[in-house]
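Asker: First to last, the protein sequences are chains A and B. The numbering of the first sequence is the working numbering, which starts it at 1 and goes up by one. The numbering of the second sequence is the working numbering, which starts it at 1 and goes up by one.
The hints are simulated quantities; they were obtained by calculation from the structure and are not laboratory data. Please note: incorrect hints may appear among the correct ones.
[Stated by the list, open to error] Each computed BS3-like pair below joins lysine-lysine, with the alpha-carbon atoms no more than 27 Å apart:
(1) Lys233/A / Lys423/B
(2) Lys78/B / Lys233/A
(3) Lys555/B / Lys423/B
(4) Lys233/A / Lys74/B
[Stated by the list, open to error] Chain A regions said to be covered by chain B (calculated; three or more residues, Cβ under 8 Å):
(5) 10-24
(6) 158-169
(7) 202-209
Cβ coordinates follow ideal geometry from the N, Cα and C atoms, glycine included.
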Amino acid sequence: MARVAILNYIKRPSPVHELTGTAKLVFFLAWSVASMVTFDTRVLICMLLIGAVIFKISQIKIRDISVVLGLAAVFLLLNNFFIYLFTPEYGVEVYESRNVLFPIVGRYTVTAQQLFYHLNITLKVICVVPIALLFIACTDPSEFASSLARIGVSYRAGYAVSLALRYIPDVQREYRNISQAQQARGIDLSGKDKLFTRLKNSVAILLPLIMSSINRIEVVSNAMELRGFGKEKKRTWYMQRKLQKNDWLAIGFALAVLVIGLGVTFSNGSRYYNPFMEAL
Amino acid sequence: MAQPIISFRDYGFQYRAQATPTLHHINLDIYPGEKVLIAGASGSGKSTIGSCINGLIPYAYPGENTGELLVGGKDPKKESIFALSQMVGTVLQDTDGQFIGLTVGEDIAFALENDCVVQDEMKRIVEETAKLVDIDHHLEYAPHELSGGQKQRVSLAGVMVEKVKVLLFDEPLANLDPAAGRAAIELIDEVQERTGAAVIIIEHRLEDVLWRKIDRIVLMEEGRIVADMPTKAFLADTMLLEHGIREPLYLTALRYAGVPITEKLEPQHVDSLQLSEAHKEKVRAWYRDNEDIGEAGAQKRDILSVENLSFGYTPEVQNLKDVSFSIKEGEMVSIVGKNGAGKSTLAKLICGFEKPTAGKICLEGRDLSDDTIKERASRIGYVMQNPNQMISKPLIWDEVEMALLAGDMSAGERKERVEETLKICGLYPFRKWPVSALSFGQKKRVTIAGILVQQPRIIILDEPTAGQDYHHYTEIMEFLKSLNEQGFTIIMITHDMHLMLEYTPRAIVFCEGELLADTTAAHVLNDPDLVRRANLKETSLYTFSMACGIENPQKFTERFIAYEEAHRRKQEG
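Just chain B, same shape as in the assembly (with noise of 0.2 Å):
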């Protein structure tokens, strides 16, 4: 085989600012035109490998190493950082923040720029680049013009007019709704095969990344690596789970189902799957056998309607148009559909920060047109996708309280509330601690405890998940669904196929402005014209299900995640 392009030798890694090293003893090859995932948990050392490839370490993030690292044959210390910008172009995860240029054709000639390329030259690179990744009709837009998935395009783009040997890609997906997420695999892989330069993509969302081939996988945990093998091998081993990574779906039910995943079933898509008869039959078992698993819930009266509601931030663009629907008490819903769809313009008229064209909205049959944000924030919470967002006091005990300090409650009651509400979001322990101490996850529940303490009826939910792993994904969810179980009526707007299948049983689907479609979540992605539609992604169980000759799909997927949830109760208790 070639000569490795880059190459880590028994490498490790410390960053100036921690006491501890964050990687230890790496050894990793990657080899010219491959396609490699490093998946891991979030702090499992994943990123620090992508800055160790391209240069960010040490020049932006100093520390100190031990082992060798080469780039291209060459020590990265020892090169600047813009002699490794030609070798390895990185995209990062945050599609908006790294758009340098007011426009698309200047982002992308950015690099070009910077090399002094004289402005011809320059013009016809962009052009031809452009095209490569099918953006070439945008060239005057700027950022905001743009979606994610355009926005992603661009900075590929960006980093491709250096004829780079090595693509990086930081969390790919993390951004984007789920059928530009898919749109971007594919695009990745285009880029691979034409221009053949090695891909690496950081990533903890396995079965998205999939979706196109993957050479090889390597698995981070606590800075090690745990595993480094080519796809196949890698699912046939069942560890992913320990490792706060979840393995696509179609392989969990092939497991329920009692089908033992070996490399000959050939894994690594939902295509590809080579199952005999023998094993159809155990999946169908399996299904039939789980019949009785999941029960409607009781009906419940109606909390929040909303009708006919109109909107538009202009008069000539109307971002939500005729809009009704109602919400029972204690539900946990989604609201789905793509970028821009009108989703998070919806819950802005919910809490007040925007006053509808037309149309009202009531709490329990009364109607909220006259109440201040402040007076529906004490029924209707609303919680921002980043904590960094809405915390503004350094000690958790404070920023909890604050909601309280401008009522005229008394010392006493207040602290009672706090107390109460800190109980229930599980950081009474850490009351005095300092906000900074907590990891996102925890940083997640003290906005959630913030606005818990004015004890909303409803809480609406930007994304709660959004760049978390397994791990952390699970963690919050489980934390809502006990605040949903104590009576809370709880309201997502969320990109993840997954967190509506498993936690919400009804889904609203908007696109453009219009409500699409009200129906239960497994109905949803069952259903491929509404998949299509609303930018969505249908599940890798939905093709299964009709490979194993189940004639109801969205049955088989009700079924699967009905008995997802018994076995992880089970689990813990």
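Here chain A stands alone, though its shape is the one from the complex (with noise of 0.2 Å):
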């Protein structure tokens, strides 16, 4: 209640908002499987152009995801610097060709080979990080477990994601409440004291939050329980939407970009597109 939530749905009208959580979870499947398969440099260029546009019609602003994306922008920058770090010549394998910039130290040189490599690395997760969070964004929290439902996960495993949702938020508030109780009674988490005393100190406040947070498990499973939750192999689902023809259509589309993308990308044999071998 006291802090904004760092990713959560946005409500906003929009036809990606309007599509069922369903619809949105294939399509964020097969958008992740075509963009972690290919390495092709064409393909995700033009995922990319895509994916700007529907994060242009979703009505997401930039600025409602910008903790995560920054978060994802470090991990993506420590990404490649440990890729290039552990492996400076794995360009030089894929491409099979060996084009030198100029040499840092040692083994480490810079290569065109090596430098297109980390392009495509970087391109494919600005292609899957938006469409994550898009789907994160749009999708009524309510429609999660119905849609996993749907594509065939079992509805236990589907409920359990659905609880958690219900439930951060309440854990959230019970942390925040233990914790400034217990900096009442000289527990500092502030970061003046020793690691090892962080640490212990950190379990007054677990220990109390792990008891309550125990306590609710049992309230709500005899909650679920007493009203026949678990009864039939199968449920109904409330907030279920049918599929409309939007829905289909977009399906369509990321089914289409899928074999599209890896039709393109395994045209010429392999999962890379190698403008160096052209050149030779």
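Fit chain to chain and form the complex, with the hints in mind.
Answerer: Given below as structure tokens:
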């Protein structure tokens, strides 16, 4: 209640929001598979452009998800850094050629192939992250469980996701209350103490939090059993919506991206698009 | 008479994890359409009876039973918990925890979803049921957007979709403010009339439940039924206090005045009382005789003053608006008002957990604005509602000592301070015990000791007696009172009107972030306008004294409380 949530459902009027959860889930999965598999720069650039258009349509603003985007950017930088640190010649291996731009030190040189490889890695992440964030920001949490159930996930597992979403804000509020009360008893978490003291102190908050969470779980599991959860192999969903024309279009579009993308990618017999070979 | 829908025959039950049985030789029949109250102190076995009826025993809580239990003519052990759930609908105590769905509509539909009801049918039933409990305008709301009373309505609707024959309420009043509690009792009554289901209410707050008609009261003690009588006969019997249950205040007032309580008096409701002129005269005589009881305390200096305090979690919403008041040294004060009125927010600001957007808080004339949480904590202690939210050490001694470890006190000084605190709190004999061996009330003492050890001048307690029966309530409150007599200033946030009346001469009333009144507790409850605006509930003494022709109900209430206290002291000493 006091803090702005980092990543949650943002209700706005947009065609993306209107799609059913199932359509968005299928779209997200197909999109992820396509961008995970392909290293074809042409395909990735096309997907990136399509993704940008979808983002525009969704009415979600960059600043709504800026925190997560920032985190993703940091992660991406680290990822690139470590790839170079451990395998500075991987691009050369993949593209079977070596154009040295300039040396750094020892076995570390900058090659056009390695840079191109990093460009592709970066493109892949830039393709997936916005779509993943859109999926979360534009899907009513109430539709998560039923969407998972519709694509074949057991409804018990689906409901576990839904319950987690239901209780995260409660647990956060509880954490805040407990930590304030414990701070009033001299438990300092502000970072002035040594790491070990801080770890010990955090137990003073976690123990009551765990106890209260266990109690919460007991109440909710009793409440669910008393209302017949798990009685049948299947269940129906109050919030599930029938797939409309647009949902089928979205699903069809995502599958088309997947098929065409992979088709183009593998047309040369490998996951990689290799401009260096053609140049030869 | 028809067949009973629930029938216990010489029934006993022992939880697997416990050494002795919790229920002994229970014989109890409940008939279709009946409204029964099961009363009893904490640990009397009343909740266990509830779990036997709805099937949580033996499905969630395994154990051994003796004798026989039939629910709807069937043995629950041979049925599944699902089959039982279509017969018995249970509304649990925790209004928040039992809210399963992400929105009201989904939560009401939960049982229907599990029954694989098709969606159109489901939407229709949800709509209809929501109308029945008057929550149909909130179907898209998330739980945190609802009040406690509204959440309870949702839970009720959620079990009513099954067309159950028995509605079971486990302590329905525990988490509600006074006005919401009264509305809940009215709603239960209406639903019972419309559906014809049998209603079983498990609750120790007798007077509050009797706001609407109850056919029969079952009193439990130590796992046995000690009384099973129609309401009138039950109230005429004076064994209530012995069993940790508080009788309705107007009946206590009658007894003080020397009027014997019989069934002829129609004692089940303050409005139904049939008092003769002679009875009324006796009450008036008692009122006159106790004129000089209770005296005004001497004026002391201000210890805490709050000046023009404002605060909002977000810039758009003001949770506190320009609040000013001061507390005198050695006072015991209640802060009351409906859920969300800003009471807890105020406590957080005083303790420094949140920073005010305007105004200041002074302790003994010194502005606290620049003090950290920890600096404030050495002067002002804060005790959370549930002791389990605070206890983080397995041993009592360690738990109490915890706050001292952060300072630079020597081991010897620490030992002395902890011992002294444990003695004040009556915990010294238990100092080597693990916390887990204590009762709820004792745990509460441990958390208070954990605060007292820092020797604060002021202690703020959030709902110190929530969910406690009369016995534990008295134990906790007498302890706080003794602390108060030793010079600690005590501020309590509470929904309990009895607590406010009995223990705190002064009450500060909040409504929608504004300070509505700062006056005597008796005055608050005798001002119908204030009571309505702050979601409180007038006491039955108000109605009762009017009925007896006493022109000043506030004075009557004050004398009643003073007399009761003197009476209690006499019994103890």
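Asker: Which of the listed hints are not met by the structure?
Answerer: The structure conflicts with hints 1, 3, 5, although it agrees with all the remaining ones.
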